[in-house]
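Asks: Each chain, letter by letter, is given below.
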Amino acid sequence: MTSFILRAATGYLMPLLLLLSVFMLLRGHNEPGGGFIGGLLAAAAFAFHALAWGPQATLQLLRADPRTIIAAGLAAALVAGGVAAAAGGPFLTAHWLPVALPGIGKVGTPLLFDVGVYLVVVGTTTLILLTLGED
Amino acid sequence: MNRVPDGGAGRPGKRSMLSAMIAGLVVAAVLAPLAERRLGLWAAPVLAAIPAAFAAVVLMNLPRGGGVALAEVRPWVSELGAELAFSLDGLAAVMALLVAGIGALILVYAGAYMAGKPTRGRLLAYLLAFLAAMLGLVLADNVVTLFVFWEATSVVSFLLIGFDHHKGESRAAAVQALLVTGAGGLAMLAGLILAGLAAGDLGLPVTQAWRISAWAAVDLRQHPHYFPMLLLILAGAATKSAQWPFHFWLPGAMAAPTPVSALLHSATMVKAGVFLLARLSPHLGGTSEWGWLVTSAGVVTMLVGASMALGQRDLKRILAYTTVSVLGTLTMLLGVGTELAVKSAVVLLVAHALYKAALFLVAGNVDHGTGTRDITALGGLARHLPWTFTAAVLAALSMAGAPPMFGFVGKELLYTSKLDLEALGAKLVVAAVLANVALVAAAGMVAVKPFLFRRRELSHPPHEASPFMLLGPLLLGLAGLFVGLVPATFDRTLGPAMAAAILGREVEMKLKLWHGLSVEALTVLVLSTVTVGGGVGLFLLLRRRMATARRLLELASRVGPTRAFNAGLAALPTAADRLSRLVQIPSLGRSLSVIIAATLSVAAPSLILLGLPSLPAGLAQVQLHEVALAVLILAGAVMAVVFPKRLAAVVALGLSGLGIALLFALFSAPDLAMTQIMVESLTVILLALLFAHLPPSPERSSHAERLGHALLAGGAGVVMALFVLAVMPGSFPPSTSEYYLAESFPAAHGRNVVNVILVDFRALDTLGEITVVALAGLGVWALLRLRPDNDRGGEP
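The listed protein sequences correspond, in order, to chains A and B.
Under our numbering, the first residue of the first sequence is numbered 1, with each subsequent residue one higher.
Under our numbering, the first residue of the second sequence is numbered 1, with each subsequent residue one higher.
Chain A with its partners taken away, still in its complex shape:
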């Protein structure tokens, strides 16, 4: 089943949704948002794409296997925690860069951890979506 309306809409909606998801991820520390919501938004974007163009096309667009994205997310979260352990403190203690980056704000291991959450959520949701959608 091909829906031209959906395909056309996806072309505009997807970039917006993905941008919004990154925006949500980055602002999460101070305003409503965060890795979990951002990840769900991105997953929704990919779900749109999969509905419009089929799971195979989405897999090509993603470039990476969703399982690799999950692994990368878990690794990012582990690394974020490991920084503190390497510095001699308790696992997962936050460490911050001394200066704030323009447009992003304070950068530190919690942000990396949130990126990990984001990737795990995106990876898991797209993995389930694409596996279910395959025929």
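These are computed hints drawn from the structure, not numbers from a lab.
Please note that a few of the clues may not be correct.
To be verified - Residues from chain B that keep clear of chain A, each with C-beta distances beyond 12 Å, as calculated:
#1 Ser16
#2 Pro45
#3 Thr119
#4 Gly203
#5 Ser288
#6 Glu506
#7 Val530
#8 Val638
#9 Ser681
#10 Ala747
#11 Arg751
#12 Leu758
To be verified - Derived, one-sided and incomplete: chain B residues facing chain A with beta-carbon distance under 7 Å:
#13 Met674
#14 Leu689
#15 Leu690
#16 Leu694
#17 Asn755
#18 Val772
#19 Val773
We put the beta carbon where it would ideally sit given N, CA and C, even for glycine.
Given the coordinates of chain A, work out where chain B should sit on it, guided by the hints.
Replies: Only chain B this time, still in chain A's reference frame:
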């Protein structure tokens, strides 16, 4: 014993040397595959420099007498007494020298043995990791350190035994070894914890109670838990050191590549149990329980191993069973525990490590040069493999206990130590002579039978091994000869230091090839001669009557513990299957009903006990739009139940979800609201996709069933609502949320408290949650992709 726990204190540079060396081996293990790709054949000798350096460090810091040369303590979980504590006393020094020295030679050997195979880098990595674990184990001075490294050796040996993982036989042997040693390790952990608690009971502070060397200050044998503690620890030692009836995993482990067997199953890992007995004998030994249990396990193992060795055709299996026999002898000697017995255990342990590693490498060379390890197919190889034959003869002479080898000194001492005992002595001497006769015959089968006598037809002409593969066996064989000729290299240095560490007091040691003409010395000499003569006779007899011997042993092994183990292993999945059929109903709806009903049956009575909650105050101020939202949510739920079409039901459920999201937004929880909306949207898409896989129209349940479901669901809703009401009125301490609100920005640089809690304050929880999310995703993927009727991916 005069141990100095901070022996390295005067030399600060040496204080962290031991842990640095172990860490170096771990790093080398990680880098080994890379090094192998870059350096090829030379990777192994280069990597071998690291354990060789370890051995050199031990040699330069040899402990004198019962003292400690190097010690190191790093705090870990101080409140529980867990620390990384290493100490280099006589026992640790000898074991570390054997492990690191033989390990270095075997690395060199393994590099050449695996030449041209793509798995060489992996083998070198595992071997180095094993050396790190084993050295950590022998140097450990804390119960927790000891256990961690003990388990590490089990895990790495699992990888090594199952190295050829495409072969079912290797996988089965690896699992068997892991299960047996792992179960023993758990028992040992329980025993060690009992010992640590007992040491605390007897007055040691928590910083000392878990340190093995500190146990010298108390007498654990006085503690009421002494016997269970001893039994549990012995279980660990017996499984690791392949004592009867746990001996069967060791011959199975011969599925490993030969360099692995040479390292793990001769010199190092199987000695870990004996090492544990030696390490703990000053604190737990000397009682009649210790004497009986340890000695009898040792004697039985010694005899079983020696007799089983004679029925084997595979070179490596012969060696494996003789190893079982020697491990039994060592255990027996530690069980006897007199000064002479301990000294003879020390000599035998070192002599055995040298000759057995050499013989395994010889077996590897024979296998490599001819393509078979079956002794009935081998003969007359001496001409083709002259250097391998030389090494074989040197090692086999030591194994047979012939003068002037180190093994001869060991056996003389063994007999002397038995004659030293009163009533028991004679029986033990007879047992030891019998076992040693079998060992002599086995030495002949390994080192004489394949090399001399008539040449057999082989599929291709045999060839001598490369120099890298001759270095190890020749050096090890020569070492046995050298120490036998110049015993002062051992009995002035390592020997007494190790014996002192085991006995817990200073001792002198004097090893001789010739003991003079006293009655005792002559008796021992006669016994030695009888042993060698009997062994040679048995070997000549066996060479003709191999088949008969094998048939007899096959009959005997039908009732052995291997069968019990295999039967148990086969029964386990069957029992698990039955159990899951019993408790797991193959219908999601019914399973859910059981779970909900069980929850209700616990929750409802407690609600009644607590007293029914009253309605919250301020109900009158409910706004109209709030009532509207509640109606929306309820209407969605009712429609979801009533609608006959699946898609319509899902959309109705989405209505409920959206209502809840709006409620979150109204009560200032924007994060929750956004998440709820996203989850609702994605759920609709997921369910819509799922419907493609389901039959077109759902089967309706009967009216009675639907009534039951309605009652259950209604009950769950009512109880849940009452619970929420019961916990609502200010039962949370305000301090928690106040703390988060106050600390969020100053301590965590974030104004969104929800997110700060997720990624900073309670990040460990989140880490656990995302792991669960990831596993759930993988689980869905596996269930959908790897169905038996699905040929799209994975195995059938």
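Asks: Against each hint, give a clear statement of whether it holds in the structure.
Replies: Tested hints:
Residue placement check: Ser16(B) keeps its beta carbon more than 12 Å from all beta carbons of chain A (closest about 15 Å). The claim that Pro45(B) lies off the interface holds: its Cβ sits roughly 33 Å from the closest Cβ of chain A, which is beyond the 12 Å cut-off. Distance check for Thr119(B) against chain A: the nearest CB is about 24 Å away, which clears 12 Å, and the non-interface claim stands. With a least beta-carbon separation of about 32 Å from chain A, Gly203(B) lies farther than 12 Å from that chain, consistent with its non-interface assignment.
No beta-carbon of chain A is positioned within 12 Å of the beta-carbon of Ser288(B); the least distance is around 48 Å. Residue-level check passed: Glu506(B) sits 41 Å from the nearest beta carbon of chain A, beyond 12 Å. For Val530(B), the non-interface assignment is confirmed: its Cβ lies about 63 Å from the closest Cβ of chain A, beyond the 12 Å cut-off. At roughly 28 Å from the closest C-beta of chain A, the C-beta of Val638(B) stays outside 12 Å, upholding its exclusion from the interface.
With a cut of 12 Å on Cβ distances, Ser681(B) falls inside the contact zone with chain A, its closest approach being about 6 Å. Under the 12 Å C-beta cut-off, the non-interface status given to Ala747(B) relative to chain A is violated; the minimum distance is some 8 Å. A cut-off of 12 Å between C-beta atoms contradicts the statement that Arg751(B) is not in contact with chain A; the least separation is 4 Å. A beta-carbon of chain A is positioned within 12 Å of the beta-carbon of Leu758(B); the least distance is around 6 Å.
This hint holds: Met674(B) has a C-beta 5 Å from the nearest C-beta of chain A, less than the 7 Å allowed. The beta carbon of Leu689(B) is positioned within 7 Å of a beta carbon in chain A (closest approach about 4 Å), and the interface hint is therefore held. Because the smallest distance between the Cβ of Leu690(B) and any Cβ of chain A comes to about 6 Å, under 7 Å, the interface hint for this residue holds. Because the closest C-beta pair between Leu694(B) and chain A is about 11 Å apart, greater than 7 Å, the hint is violated.
Look at Asn755(B): its Cβ gets to within about 4 Å of chain A, closer than 7 Å, so that hint holds up. Proximity of Val772(B) to chain A is violated relative to the hint, the smallest CB-CB distance being about 10 Å (cut-off 7 Å). Evaluation of the Val773(B) hint against chain A yields a held restraint, the C-beta minimum of about 5 Å falling below 7 Å.
The structure is inconsistent with the numbered hints 9, 10, 11, 12, 16, 18, although it conforms to all the rest.
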